[in-house]
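Chains C and A are the protein sequences, given in the same order.
Take the first sequence: its position 132, counted from the start at 1, is 350 in this note's numbering, and no numbers get skipped.
Take the second sequence: its position 66, counted from the start at 1, is 284 in this note's numbering, and no numbers get skipped.
In case anyone wonders, no lab produced these hints; they're calculated from the structure.
Treat the hints loosely; a few may be bogus.
What the hints assert, rightly or not - Sample of chain A residues at the chain C side, in silico, Cβ under 8 Å: (1) Pro248; (2) Ala250; (3) Ala282; (4) Leu438; (5) Lys494.
Claimed, not checked - Heads up, incomplete: computed chain C residues facing chain A, CB under 8 Å, no partners named: (6) Val313; (7) Ala314; (8) Ala352; (9) Lys355; (10) Thr377; (11) Gln387; (12) Tyr418; (13) Gly435; (14) Ala473; (15) Gly485; (16) Glu487; (17) Tyr514.
We put the beta carbon where it would ideally sit given N, CA and C, even for glycine.
Here are the chains, one letter per residue:
2 protein chains.
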Amino acid sequence: MDSAAHTRQRVSVYEVGPRDGLQNEAKTLPAADKVRLIHALMDAGITRIEATSFVHPKWIPQVADAAEVMAQVDRRPGVVFSALVPNLKGLERAVAAGVDEACVFLSVTEGHSKKNINKSVAEAVSTAIETAAAARKAGMRVRAYLSCVWGCPYQGVVTTNEVVAVAKQLLEIDMYQLALGDTIGVGVPSQTVEILQALYPYYPREKLGLHFHDTRGTALANALTGIQQGVTSIDSSIGGLGGCPYAPGAAGNLATEDLVYMLQGMGLETGVDLEKLVEAGELAQSLIGKKLTGKYLQAALGTREKRAAKIRAQS
Amino acid sequence: MDSAAHTRQRVSVYEVGPRDGLQNEAKTLPAADKVRLIHALMDAGITRIEATSFVHPKWIPQVADAAEVMAQVDRRPGVVFSALVPNLKGLERAVAAGVDEACVFLSVTEGHSKKNINKSVAEAVSTAIETAAAARKAGMRVRAYLSCVWGCPYQGVVTTNEVVAVAKQLLEIDMYQLALGDTIGVGVPSQTVEILQALYPYYPREKLGLHFHDTRGTALANALTGIQQGVTSIDSSIGGLGGCPYAPGAAGNLATEDLVYMLQGMGLETGVDLEKLVEAGELAQSLIGKKLTGKYLQAALGTREKRAAKIRAQS
Numbered sequence: 219m220d221s222a223a224h225t226r227q228r229v230s231v232y233e234v235g236p237r238d239g240l241q242n243e244a245k246t247l248p249a250a251d252k253v254r255l256i257h258a259l260m261d262a263g264i265t266r267i268e269a270t271s272f273v274h275p276k277w278i279p280q281v282a283d284a285a286e287v288m289a290q291v292d293r294r295p296g297v298v299f300s301a302l303v304p305n306l307k308g309l310e311r312a313v314a315a316g317v318d319e320a321c322v323f324l325s326v327t328e329g330h331s332k333k334n335i336n337k338s339v340a341e342a343v344s345t346a347i348e349t350a351a352a353a354r355k356a357g358m359r360v361r362a363y364l365s366c367v368w369g370c371p372y373q374g375v376v377t378t379n380e381v382v383a384v385a386k387q388l389l390e391i392d393m394y395q396l397a398l399g400d401t402i403g404v405g406v407p408s409q410t411v412e413i414l415q416a417l418y419p420y421y422p423r424e425k426l427g428l429h430f431h432d433t434r435g436t437a438l439a440n441a442l443t444g445i446q447q448g449v450t451s452i453d454s455s456i457g458g459l460g461g462c463p464y465a466p467g468a469a470g471n472l473a474t475e476d477l478v479y480m481l482q483g484m485g486l487e488t489g490v491d492l493e494k495l496v497e498a499g500e501l502a503q504s505l506i507g508k509k510l511t512g513k514y515l516q517a518a519l520g521t522r523e524k525r526a527a528k529i530r531a532q533s
Numbered sequence: 219m220d221s222a223a224h225t226r227q228r229v230s231v232y233e234v235g236p237r238d239g240l241q242n243e244a245k246t247l248p249a250a251d252k253v254r255l256i257h258a259l260m261d262a263g264i265t266r267i268e269a270t271s272f273v274h275p276k277w278i279p280q281v282a283d284a285a286e287v288m289a290q291v292d293r294r295p296g297v298v299f300s301a302l303v304p305n306l307k308g309l310e311r312a313v314a315a316g317v318d319e320a321c322v323f324l325s326v327t328e329g330h331s332k333k334n335i336n337k338s339v340a341e342a343v344s345t346a347i348e349t350a351a352a353a354r355k356a357g358m359r360v361r362a363y364l365s366c367v368w369g370c371p372y373q374g375v376v377t378t379n380e381v382v383a384v385a386k387q388l389l390e391i392d393m394y395q396l397a398l399g400d401t402i403g404v405g406v407p408s409q410t411v412e413i414l415q416a417l418y419p420y421y422p423r424e425k426l427g428l429h430f431h432d433t434r435g436t437a438l439a440n441a442l443t444g445i446q447q448g449v450t451s452i453d454s455s456i457g458g459l460g461g462c463p464y465a466p467g468a469a470g471n472l473a474t475e476d477l478v479y480m481l482q483g484m485g486l487e488t489g490v491d492l493e494k495l496v497e498a499g500e501l502a503q504s505l506i507g508k509k510l511t512g513k514y515l516q517a518a519l520g521t522r523e524k525r526a527a528k529i530r531a532q533s
């Protein structure tokens, strides 16, 4: 690892708390609370926010308020709002709602594809290509999400060859970023290296994003590995919002504060204000009504609590 | 990162749960429970266990039962029990109790040294040298712990020069390992690289151990960095036992299961059985009476719970 090189590098944080995070929490928030959270994230300097999803509410009731959320959020210069769009129908709603960036999504594995979107991988590839083309025509930026890259809850092991095979089929999409998802949080750093190096002939590192779930505690180590391999876009979720649907009680997404703490400590530019990020995390925690798993957040709040107790004891 | 090199590497896990972990939990366990936990750890294949501490119980009441714990644990071939020994008096008790390995300990910073052991760093160095020499004479293996290597709760920033200055003073100790502690869990990977590279002229990588607290979520990323730099001994605590005394609610030590999961996934040899480690973690959790922070543990227990619910629903 060349730490001198790191000091010149910039890492872009893609915040998924308001969508991926909240969608996997037991409590559903009203649109106004989601909007408050998004505002707090922007206040902290986050400029890429996955705000919601235009998947049909029949499948994901938590995002029935997608248009409402988009209508209520402040539009600030430099901030890009993205949303999941499953197909042309969802895209239509996303365009009408004023979304900046369309995220098409699909799985590497047949098992997850069938269970998640009731399509074969081949059908999902076609839909993604079609939806992405229409999104580009509508003037939107396009991101493609690939799920189950490190492992699948149904199939188990996923080989790097399988990942490359699906990723190659997405090459005709005019996307700015392919986001690789460790959907069930099984990834380890050596595997991350292998996957990235297998994809580099098709996707240069500037075009890849990494999305880790912290189910087994390896998310930040994997993010570090990605950065060492030249990736400059990492997904994370405020406070670690979002559990794992496959293991109740397990941790959710990589926590944004932990990621930003590490990146800033390594001299990498993120443009994010860590103290204000803690405020956003505290808000997320109060909205959702439980302690979140983000470690930096708990340390910061714990230190604050200890300081308050000291002051109370003195007065 | 050369993953081919990794497949040939062995990493030794040094388990600190029974001492460092339990000492920082609110609930104090009876000796018999500590012994049960140590047995569960040995069952999982852990061969280096920090079993207790011979610090005077006036300072740390949780370890008043040090001799009792040592008297009750099974002695199994290949397993090394270590214990903290603060001085000659503590060493005398450790020798009488049959401890294999003496851990002398001190801080890099004056602030932490004064608060923790009421000695200046120079006094602590003298005591460590004297105690270690006596331990060697008594036929014990010696490990030296250096605290506050990445940062200090009183002084704040700690420079690598300060770390090297204290570490050099310990060169006359006949130790098998110098364990570097991120006592307050502030370390980031670039700093870990810097510290290790500054120490290598004095301590070859085979002689260094790394001890991370996960207060800000960076423990496993730092452990990975250490391994990439050639270190082969990592401290961890079952289930992540042990909070942070400086921030209530914050995470404790790096969780052993998370570490072992990552290492095994990377093809590194640990000799540890991950499933049995989860059993030890479950035991730790039931003894201490609360959910522990280890993520692999929670994922494993969550998956098991989900499976049980499915079976109940079918019956």
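Worksheet item: Does Lys355 (chain C) meet its interface restraint, that is, does its C-beta lie within less than 8 Å of any C-beta in chain A?
Response: 41 Å, violated
Worksheet item: Any CB of chain C closer than 8 Å to the CB of Lys494 (chain A)?
Response: With a closest approach of 17 Å, the Lys494 (chain A) hint is violated.
Fill in: Interface hint for Tyr514 (chain C), Cβ within 8 Å of any Cβ on chain A
5 Å, holds
Worksheet item: Should the hint that Tyr418 (chain C) touches chain A count as held when the rule is a Cβ pair under 8 Å?
Response: Where the cut-off is 8 Å and the nearest Cβ of chain A is about 15 Å from Tyr418 (chain C), the hint is violated.
Worksheet item: Holds or violated: is there a CB of chain C closer than 8 Å to the CB of Pro248 (chain A)?
Response: Result: violated, 28 Å to nearest chain C Cβ.
Worksheet item: Against chain A, is Ala473 (chain C) within 8 Å by beta-carbon distance?
Response: Holds, because the Cβ-Cβ distance from Ala473 (chain C) to chain A comes to roughly 6 Å (cut-off 8 Å).
Practice prompt. Under 8 Å, Cβ to Cβ, is where Ala282 (chain A) needs to be relative to chain C, so tell me if that hint holds or is violated.
Written response: Because about 26 Å separates Ala282 (chain A) from the closest Cβ in chain C, which is outside the 8 Å limit, the hint is violated.
Worksheet entry | Evaluation of the interface hint that places Leu438 (chain A) against chain C, nearest CB under 8 Å | With a closest approach of 5 Å, the Leu438 (chain A) hint holds.
Worksheet item: Is the hint on Gly485 (chain C) kept, meaning its closest Cβ partner in chain A is under 8 Å away?
Response: It holds, given that the least Cβ distance between Gly485 (chain C) and chain A is near 7 Å, below 8 Å.
Worksheet entry | Agreement of hint Val313 (chain C) with chain A interface, Cβ distance less than 8 Å | With a minimum Cβ separation of about 38 Å from chain A (threshold 8 Å), the hint on Val313 (chain C) is violated.
Item to complete: Classify the hint on Thr377 (chain C) as holds or violated, based on whether any CB of chain A lies nearer than 8 Å to its CB.
Response: 15 Å, violated
Fill in: Status of the Ala250 (chain A) interface restraint (C-beta, 8 Å, chain C)
28 Å, violated
Figure legend: structure checked against the earlier numbered hints; hints not met, in rising order: 1, 2, 3, 5, 6, 7, 8, 9, 10, 11, 12, 16.
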